[in-house]
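Protein chains: 2
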Amino acid sequence: MSESFIQSPAAEMIELLEELAAFSAPGEGVTRLLYTPAWKQAQQFLLNRAEAGGLKAYSDSAGNVYGRLDGTGSDGKVVLTGSHIDTVVRGGKYDGAYGVAAAFTALRYLSRVYGPPLRTLEAVSFAEEEGSRFPLTFWGSGNVTGLYDGSEAENCRDAEGMTLREAMTGSSLAGDKSPAPRDDIAAYVELHIEQGIVLERTGTQIGVVSAIAGQRRFAVSVKGTANHAGTTPMGLRHDALAAAAEMIVQLEHSAAEAGEPLVATTGRLEVYPNTPNVIPGEVMFTLDIRHSDGNELEAFCAAAVSAFEEIAKRRGVTVNITARLSASPAPMDRGLSGELESICTRQGRTYRTMVSGAGHDAQLFAPLTRTAMIFVPSRAGISHSPEEYTPPEELAAGLDVLIALLYKLGYEDLNDNGLTPHNTKERWT
Amino acid sequence: MSESFIQSPAAEMIELLEELAAFSAPGEGVTRLLYTPAWKQAQQFLLNRAEAGGLKAYSDSAGNVYGRLDGTGSDGKVVLTGSHIDTVVRGGKYDGAYGVAAAFTALRYLSRVYGPPLRTLEAVSFAEEEGSRFPLTFWGSGNVTGLYDGSEAENCRDAEGMTLREAMTGSSLAGDKSPAPRDDIAAYVELHIEQGIVLERTGTQIGVVSAIAGQRRFAVSVKGTANHAGTTPMGLRHDALAAAAEMIVQLEHSAAEAGEPLVATTGRLEVYPNTPNVIPGEVMFTLDIRHSDGNELEAFCAAAVSAFEEIAKRRGVTVNITARLSASPAPMDRGLSGELESICTRQGRTYRTMVSGAGHDAQLFAPLTRTAMIFVPSRAGISHSPEEYTPPEELAAGLDVLIALLYKLGYEDLNDNGLTPHNTKERWT
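As given, the protein sequences belong to chains A and B, one line each in that order.
Here full-length UniProt numbering is used: position 210 in the first sequence is 210, and no number is missing along the way.
Here full-length UniProt numbering is used: position 47 in the second sequence is 47, and no number is missing along the way.
Bound-form chain A, shown alone (with noise of 0.2 Å):
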């Protein structure tokens, strides 16, 4: 990479996204899974850009890569920034590594133009978020933050049925323990593509997120009785279809009664018997359920609970609703937001706050330390397909604002940054 200053942080950061996209596995899209050789070479290749960089460049046993630049300053404390290196299969080149390619620029930029940091900056490509090999997510933040000790990767086995230990083991970047659990983050930012529509729909380019909304997630089962599409009559059915069907009206009507941001969405539907001339006697559906407040959340699920077994018992078929996934709502830092705001407006871009319906490496830091997520527009909000796309002037803003904030956690006075002692308790009030 060349001394000269011509080349924007934006040219450089495209240009390193350019380069991540490049190491997938064979086939459309990326597709670059934890602990695969496409995956040690994103890695090693950050090392060494981050290296020649002039950052300090390591990684952990979990296979966490980082570069670091130290503060002048000496509370010890680390302002982080990043995302995760990982993709679904067949995915885009922005999920998780706009956010990686951001932060390595972001810091090699400020270095270069400002000199050292007062406090600590450390830019981060996480392992893994997605679970598209293992049956678990956030391997990567979730080792950082104590989520994970490493006992999880005894008995987790990919599709092969190798486990998660014996992967790490052999890949010559991460080693056979887990790392220890961070103590030292002050702040972590992280930058994404929105995944969804709503930044493009209305026009606006920096999405300030206030919220990454809990989800909870649940299998429901209804059973009636199957019998001779011809011969019941109407009166004397129990179609379990039927009161899938008016269960699915009756969820969406409540979504859309509660207001944003709450979303209910049933994405997977399976009938039995499945004939045509046959009465449905067994439909099995999930329910995704998302909203930023957790008692918003909590008070909206019993509700359709409520309403579902009052339409099973007035149907006369039985229903069971089994909780498959609870993650609770992850605010994000008022302070920071309200400075991501600041220095949208100085910037001149027009961003809106917004929730997070998506889970990111950031909903980990969230009850850990001040957590702030910065979003682009997603092009048709695509995400997970090799169709995901933001036009680099997007890309570019995010940037910019990215750098606005970490020179500011960075570089100003320690004591007028607001990095003051992070209390967890009060944040939740």
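Take the hints with a grain of salt, since some may be wrong.
Claimed, not checked - Here are the computed distance ranges between Cβ atoms for each label pair:
#1 306(B) - 201(A): 26 to 34 Å
#2 350(B) - 296(A): 55 to 63 Å
#3 272(B) - 296(A): 27 to 35 Å
#4 305(A) - 309(B): 31 to 39 Å
#5 272(B) - 305(A): 22 to 30 Å
#6 256(A) - 310(B): 12 to 20 Å
It should be emphasised that the hints constitute simulated quantities derived from the structure, not laboratory data.
We put the CB at the ideal spot given by N, CA and C, even for glycine.
For chain A, the structure is supplied; the task is to place chain B on it using the hints.
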């Protein structure tokens, strides 16, 4: 079989039913598919039993088997009674076989008790009705009534790739040319299990069928937009499953409003991509709509299509509705239905007039000749299953009613029994 009169016709029929049930491919229930060894054995068994019972036994080139009692009268017409000998895969003992066993038993009984009839009576075991081996139905009665001319057999293949023609030729019972349609049938009477729950639910012994319902079947394709379940606000969705659910609820409501005998069913539904955290982009579902009145059926279907299009438009999804099957209603002969009601009254049996929601061989005879169907209860409405069952006393009641009607049609003065030359146009007004 002994010459003794000690065995009632009911006991003889039930024994015959058990003997027929033994002719099956291995496995649960009864599997007796067209032109398979089990099928050939059953038809050959019937030929032998008919001969031994004093009937003139013969088969046609499609493999239909007959037992004939020549009448002493001179109009050359035949009163035909029977049903189909084939089954679905893993079916029950009664569907079709009951009508066959009853027909052959009734003729043997009438012959022994009353001697030769005035009008020729024939019991028939139709070769095929279910469509469970080859992709067509009513191969037996369809050849007799002229629905098929034999050309269909050339290109029609089973799951193993064998053509109907090859299978027909390979069966020692059938020939290689289709038989000519018959024009000598003065009346057709079919005794059958209800395959529904109405008789059992209302505690009624006999169903006098007023008509076989017409059927319309459709494939409905709804296309919306697949999107992230977490990041897409409710108001910006084009959820194909929510749209389909509303259509299904609407169809059920309309069917209830229309009242009996209208039945409307969505039996099969498929969601794409069918993933819990993705808003469904596409749904395919089937419609099976039946009514005994052709105009009502048509009007209901047209209204349903209209309603679906309105729902789709309102939701910003597209809907495509393709007709898959269309069968006209088949009214039964009023004179014969009236006679059946009188017989039930005389025999002290509870009965109700009802529409047959399922298709039967009788529907092919209805446009051509005076046709009647008699139902007996099905336990829990179960059919097409090893669990299919009707208690012996109900089977016996059906046989008694059939015997009484055959006596009326075969042994009473030809001028008094109402079987004047058949005028199709009259019967339809």
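Now for the hints, and whether the structure bears them out:
Checked against the given bound of 26 to 34 Å, the beta carbons of residue 306(B) and residue 201(A), roughly 31 Å apart, stay inside it. Between residue 350(B) and residue 296(A), the C-beta spacing of about 58 Å keeps the proposed range 55 to 63 Å intact. Against the hinted window of 27 to 35 Å, the Cβ-Cβ separation of residue 272(B) and residue 296(A) comes to about 31 Å, which satisfies the hint. In this structure the supplied range 31 to 39 Å holds for residue 305(A) paired with residue 309(B), their Cβ-Cβ distance being about 34 Å.
For the pair residue 272(B) and residue 305(A), the beta carbons lie near 27 Å from each other, so the given range of 22 to 30 Å is met. For residue 256(A) and residue 310(B), the hinted distance range of 12 to 20 Å is satisfied, since their beta carbons lie about 19 Å from each other.
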